[in-house]
Amino acid sequence: GKSLLARRLGSFINASGGFFLSAKFDQLQHAKPFSALASAFNEYCVIMSEEGRSSQLELVASKLRMALGSEAPHLIKVIPNLANILGDNINGWDDSQDCVDAQRRLQYLLCQFVDVISSFSGAPVTLFLDDLQWADEASINAISQLLVVSGSSNSTKQFFFLGSSREDGMLQEHPFGKMLTSVKKVGSEQTTVKLVCMDKETMNSMVSDLLCLSPRLTRTLSEILFHRTKGNTLFFSQLMASLQKDG
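With the sequence shown counted from 1, adding 159 to any position gets you our numbering.
Because the hints were derived from the structure by calculation, they are not lab data.
Fair warning: there could be bad hints in the mix.
Claimed, not checked - In the SDA-like style, the derived pairs of lysine to any residue whose C-alpha atoms are separated by at most 25 Å in a straight line are:
1) Lys404 with Ser373
2) Lys344 with Asp274
3) Lys353 with Ala182
4) Lys183 with Leu393
5) Lys222 with Lys236
6) Lys236 with Gln304
7) Lys183 with Leu168
8) Lys389 with Cys371
9) Lys191 with His333
10) Lys344 with Ser323
11) Lys161 with Met399
12) Lys236 with Arg263
13) Lys222 with Pro239
14) Lys404 with Leu369
15) Lys359 with Ser401
16) Lys337 with Gln292
17) Lys183 with Ser347
18) Lys222 with Phe193
19) Lys236 with Cys270
20) Lys353 with Leu398
21) Lys389 with Leu376
22) Lys353 with Glu382
23) Lys337 with Gln262
Taking the hints into account, I'd like the entire structure generated from these sequences.
Structure (structure tokens):
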């Protein structure tokens, strides 16, 4: 249900002219640093290039060239569509640094990238990353820096981060949970939403509202739905949609 809820939020953000960038971490991609971040920001570059945002594109491109400087090719290596924004005048680069230094450099460049797009895109930027339980350490460190900078009291950036994961002790034991605790101490505002299964009464109340009938009249149907879905919000919404379509 968490991913569905996030996508619904994204539809409202997109409809209002904002940017909703989404990607998910994959257990099989765990050894590939920044994979989800790169995918989401690659999506941003496509949107800026193809959706008639030319009035902002030139400004964003100019600011990105200034912020990234001669190190832009390093970021293009992980965000290929960034080349469509910056243009062809990109010099080559020396890739002789070791892995640790290369990751730190990319973390810095990603922060510079977000600093620009959240300040000059002309609309709020929301980054949604799913399945954070599979996030790699380099990505967690980069997200930490993004949250610290964008969450500072004097920040004027329009950047919002939304993450989801399986619970399973995520907020207590996982490196991402520990990172959230750390950045909260420096003033980054956070809200935790825990999605739980509905009980029978809650489900009956929802069915009653959806059908515009008294809860007494919908109780039998609600009990059948509860038996089928076990209170899972995603299964419930899918089943209700199926009933509406097929009768």
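How the hints compare with the structure:
Taken as a hint, the Lys404 and Ser373 pair is honoured in the structure, with Cα atoms around 23 Å apart against an allowance of 25 Å. Restraint check for Lys344 and Asp274: satisfied, since their Cα atoms lie roughly 21 Å apart, inside the 25 Å limit. Restraint check for Lys353 and Ala182: satisfied, since their Cα atoms lie roughly 20 Å apart, inside the 25 Å limit. For the hint pairing Lys183 with Leu393, the CA-to-CA distance comes to about 18 Å; that is within 25 Å, so the pair holds.
For the hint linking Lys222 to Lys236, the alpha-carbon distance of about 19 Å falls within 25 Å, and the restraint holds. Only pairs whose Cα atoms come within 25 Å are accepted, and Lys236 paired with Gln304 is accepted, the gap being roughly 21 Å. A threshold of 25 Å between alpha carbons decides the hint, and for Lys183 with Leu168 the separation of about 16 Å falls inside it, so the pair holds. About 23 Å separates the Cα atoms of Lys389 and Cys371, which keeps this hinted pair within 25 Å; it holds.
The hinted pair formed by Lys191 and His333 meets the criterion: a straight-line CA distance of about 18 Å does not exceed 25 Å. Distance check on the hinted pair: Lys344 and Ser323 sit about 21 Å apart at the alpha-carbon level, within 25 Å; holds. For the hint pairing Lys161 with Met399, the CA-to-CA distance comes to about 17 Å; that is within 25 Å, so the pair holds. In summary, the hint linking Lys236 to Arg263 is supported, as the alpha carbons are separated by about 15 Å, within the 25 Å threshold.
For the proposed pair Lys222 and Pro239, the alpha carbon gap of about 18 Å is at most 25 Å, so the pair holds. With a C-alpha separation of about 14 Å, the suggested pairing of Lys404 with Leu369 holds against the 25 Å cut-off. With a CA separation close to 20 Å, the supplied pair Lys359 and Ser401 stays within the 25 Å bound. With a C-alpha separation of about 12 Å, the suggested pair Lys337 and Gln292 falls inside the 25 Å cut-off, and the hint holds.
Taking the CA atoms of Lys183 and Ser347, the gap is near 23 Å; set against the 25 Å cutoff, the hint holds. Taking the CA atoms of Lys222 and Phe193, the gap is near 23 Å; set against the 25 Å cutoff, the hint holds. Between the alpha carbons of Lys236 and Cys270 the distance comes to roughly 16 Å, so the proposed pair stays at or under 25 Å and holds. Between Lys353 and Leu398 the alpha-carbon distance is near 22 Å, which keeps this suggested pair within the 25 Å criterion.
This hinted pair checks out: Lys389 and Leu376 have alpha carbons roughly 20 Å apart, not beyond 25 Å. Among the hinted pairs, Lys353 with Glu382 is consistent with the structure: their alpha-carbon atoms are about 24 Å apart, no more than 25 Å. For the proposed pair Lys337 and Gln262, the alpha carbon gap of about 20 Å is at most 25 Å, so the pair holds.
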